[in-house]
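Novice: Each chain, letter by letter, is given below.
Number of protein chains: 2
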Amino acid sequence: MADTEGTAPGRRQVLRGLAGVGLGGIGGIGAGLVLGSRGARGAESGSAEPGDTGTPEAPGPVPVHGATQAGVDRPGTPQRHGSIAVLDLDAATTAAEMLALCADLGTLITALTTATSPPHPALPDGPGDLTITVGLGPRLVRLLGPDLPGAEDLPAFAGDTELDPSHSGGDLFLAAYSHDPNDADTALTEVSDAVGHGVLRWAQRGFRAHGTGTVARNPLGFHDGVIVPRGEEELAEHVWLPDGPAAGGTIAVVRRLRVDTATFRAEPVPDRERVIGREHATGAPLSGGGPMDEVDLLAKTPEGEFRIPARSHARAAHPSFTGSHLMLRRGYAFDNGRTPDGVADAGLLFICFQRDLRTFAATQHRLDEVDDLMTYVTTTASATFLVLPGFDAEHPLGATLG
Amino acid sequence: MADTEGTAPGRRQVLRGLAGVGLGGIGGIGAGLVLGSRGARGAESGSAEPGDTGTPEAPGPVPVHGATQAGVDRPGTPQRHGSIAVLDLDAATTAAEMLALCADLGTLITALTTATSPPHPALPDGPGDLTITVGLGPRLVRLLGPDLPGAEDLPAFAGDTELDPSHSGGDLFLAAYSHDPNDADTALTEVSDAVGHGVLRWAQRGFRAHGTGTVARNPLGFHDGVIVPRGEEELAEHVWLPDGPAAGGTIAVVRRLRVDTATFRAEPVPDRERVIGREHATGAPLSGGGPMDEVDLLAKTPEGEFRIPARSHARAAHPSFTGSHLMLRRGYAFDNGRTPDGVADAGLLFICFQRDLRTFAATQHRLDEVDDLMTYVTTTASATFLVLPGFDAEHPLGATLG
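Line by line, the protein sequences give chains A and B.
If you're matching positions, the first sequence starts at 1 in UniProt numbering and goes up one per residue.
If you're matching positions, the second sequence starts at 1 in UniProt numbering and goes up one per residue.
Quick caveat, the hints were computed from the structure, so don't treat them as lab data.
Since the structure is predicted, the reported quantities are computational estimates derived from the model, not experimental observations.
Ideal Cβ placement from N, Cα and C applies to all residues, glycine included.
The reader is advised that the hints may include incorrect statements.
Stated by the list, open to error - Label-pair restraints from in silico Cβ distances:
#1 Ala111/A to Asp293/B: 43 to 49 Å
#2 Pro118/A to Asp293/B: 44 to 50 Å
#3 Ala310/B to Pro121/A: 55 to 61 Å
#4 Thr263/B to Pro121/A: 14 to 20 Å
#5 Ala100/B to Arg358/A: 57 to 63 Å
#6 Thr339/B to Ser320/A: 41 to 47 Å
#7 Met292/B to Ala281/A: 42 to 48 Å
#8 Asp368/A to Gly290/B: 55 to 61 Å
#9 Ala310/B to Glu267/A: 54 to 60 Å
#10 Pro291/B to Ala393/A: 32 to 38 Å
#11 Gly231/B to Ala262/A: 38 to 44 Å
#12 Glu237/A to Thr263/B: 44 to 50 Å
#13 Thr339/B to Glu234/A: 42 to 48 Å
Unchecked claim - Selected chain B positions facing chain A (in silico; Cβ < 8 Å):
#14 His179
#15 Asn182
#16 Gln204
#17 Arg205
#18 Phe207
#19 Ala209
#20 Val259
#21 Thr263
#22 Arg265
#23 Pro268
#24 Glu273
#25 His280
#26 Ala284
#27 Gly288
#28 Asn336
#29 Pro340
Full structure from sequences and hints, please.
Specialist: Put into structure tokens, the structure is as follows:
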């Protein structure tokens, strides 16, 4: 942004340097900082009665500071509950005001996610594994600089015929995740309330199925999010913005996808498997192997048919067709009950992260063309955001963009 | 019920005898039956990366068979997710058809909650800690016998001014609970689909905060459900129907309570504490002691004011005022997003169990009169059900009522 460009020349350099420390190191420091009351509570609950499955011990703290924000790749297994909100800022908000807001949000986020003795008043049991992530919509990014990553709007998609303009786009993305649904929602409220001149566009609570690592069953009951970048090298290659003022940031796409699970589940299992391209029971690709094995797009049956069907989701979504990078997925299921018309408003709160908006856009264009799964899906909200680079006590949230 | 009364004279005696075995014994038998694939999955996820809070190991099976149904007092710590449905049966359904349906549901419930090798096709990862509970509404109970427990309708309450008749009452209560939201919802769908001639009245998904044992923070952020029956003796005294054809059953009250958490949370903490009668941070009664200590309704400040305020929830809901039994609470939070009018439709899916409908009714009448908390609460669904006695492979669900 022109009017503050260069006002904090040192910060950017420092944060770039910080990026080189690597997540492992920062995580190691942060992990020792917090001794929550959660641990004690978890231990208390060991007095199980017969038939009592017990209360799983609450997970520990997630480092808030670092080269990247929490809630993207850390914790590695997404927390069980999330609450997100998309807000608009007053049209007259200046870039300087926006950056001041980001800095304030970073301070609040640090307080909410690290305070234990005493805990933050809003989270009297301590933060647990709470993370809060902040992203800026294209309009705000363009205020900072028209060539910055994230300045580009999400393109229109052929399948988004029922998308209401009030649920398309938006200025500010706030996402709070926790093993505890109250904590995520409370934290989101605290951070939303701190946004002066902000108007809520839409909000959504989500929850995750219990899965193995990052792979959980989606609302259709199938394994999803299998082909994702794993490990620091792949994340650096596919997810994090590599250099410039947004280094350590990433481009998020957030879409609320209503899924007609009732119709889908009424199909016989083999038909459902052909729509997905994976086995229902195991998650293995229909081309064979285990659930984490590569999909073999060329494998054919003795009759000469593709084992991964031509219009299956596994084939349509495969990155090889778009020549694009991988996306890091961090989706949640949602369920808002029924609309006044009696339609079940439940499905997937799709959230992905990538270096380049094109990674998502090319994939979605392809899905709209050749993915039979899309016939069960209605997009009810859609937006892209620049997830800001990481921050710490010395380097405010958003500072490198100033 | 007149037309089948006495057709299975032996069953009732046998089940009555079974009730004497006690839950501990039956739980002990049942617990050894099931070796789920969940355990293996939980173990797999131990390969945590830095910053990874890990996937908590999936909890083990809950005995489905016994003198009482699962999902009331077992598991002792309610599962994290639940999906409930209230259905109406065709008005022409006979008592015999209804009992046949109950028996079929019991068989299906056994299959869903115990099948592991192979798992039930709908639950390919095994049942985990899934429980499914069945209750009959007053109309159906009266078909079986007008004097049976549960034949009485829930009375009208002064605070239920916005309750729609479509969400009041109902014939059949189905509740599926699991640590996994997909499993609970899938199981509920399977059981609902098995109800021929059933029409869905309303359904709701719920989730629980992470708490200690049965006490978790409610959607207002306060500890709730503290004064409840604990241990077999208190459950026998307050919850389970003691003898007769419904022995081992219990009277459930299910109410969906929209709570205006935004307005409540905007109040200063001390004001919120006075509405609840407990400390926000610790859950301790304002009369002193720890969170699990008894509320001292007589304690006064040096200025002569009740420490538990006159119109606080802790005082209003205290069983000493109604001279009633205790209720076993098993509530879930819910969040349906916003209504078309922009009202946040979230709050508490209140579920309680007691021997006598009067226990709940007397308490609710009192709350409507003297509980300031009720000003934040709108009842959007309300019903009572006879939760059927327990069952096993030899003694079908509902058989003692025939």
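Novice: Are the hints correct? Go through all of them and say.
Specialist: Hint check results:
no.	hint	result
1	Ala111/A to Asp293/B: 43 to 49 Å	violated (31 Å)
2	Pro118/A to Asp293/B: 44 to 50 Å	violated (22 Å)
3	Ala310/B to Pro121/A: 55 to 61 Å	violated (26 Å)
4	Thr263/B to Pro121/A: 14 to 20 Å	holds (18 Å)
5	Ala100/B to Arg358/A: 57 to 63 Å	holds (59 Å)
6	Thr339/B to Ser320/A: 41 to 47 Å	holds (44 Å)
7	Met292/B to Ala281/A: 42 to 48 Å	holds (44 Å)
8	Asp368/A to Gly290/B: 55 to 61 Å	holds (58 Å)
9	Ala310/B to Glu267/A: 54 to 60 Å	holds (59 Å)
10	Pro291/B to Ala393/A: 32 to 38 Å	holds (34 Å)
11	Gly231/B to Ala262/A: 38 to 44 Å	holds (42 Å)
12	Glu237/A to Thr263/B: 44 to 50 Å	holds (48 Å)
13	Thr339/B to Glu234/A: 42 to 48 Å	holds (43 Å)
14	His179	holds (6 Å)
15	Asn182	holds (4 Å)
16	Gln204	holds (7 Å)
17	Arg205	holds (5 Å)
18	Phe207	holds (5 Å)
19	Ala209	holds (4 Å)
20	Val259	violated (12 Å)
21	Thr263	violated (12 Å)
22	Arg265	holds (7 Å)
23	Pro268	violated (10 Å)
24	Glu273	violated (11 Å)
25	His280	holds (6 Å)
26	Ala284	violated (11 Å)
27	Gly288	violated (18 Å)
28	Asn336	holds (4 Å)
29	Pro340	holds (6 Å)
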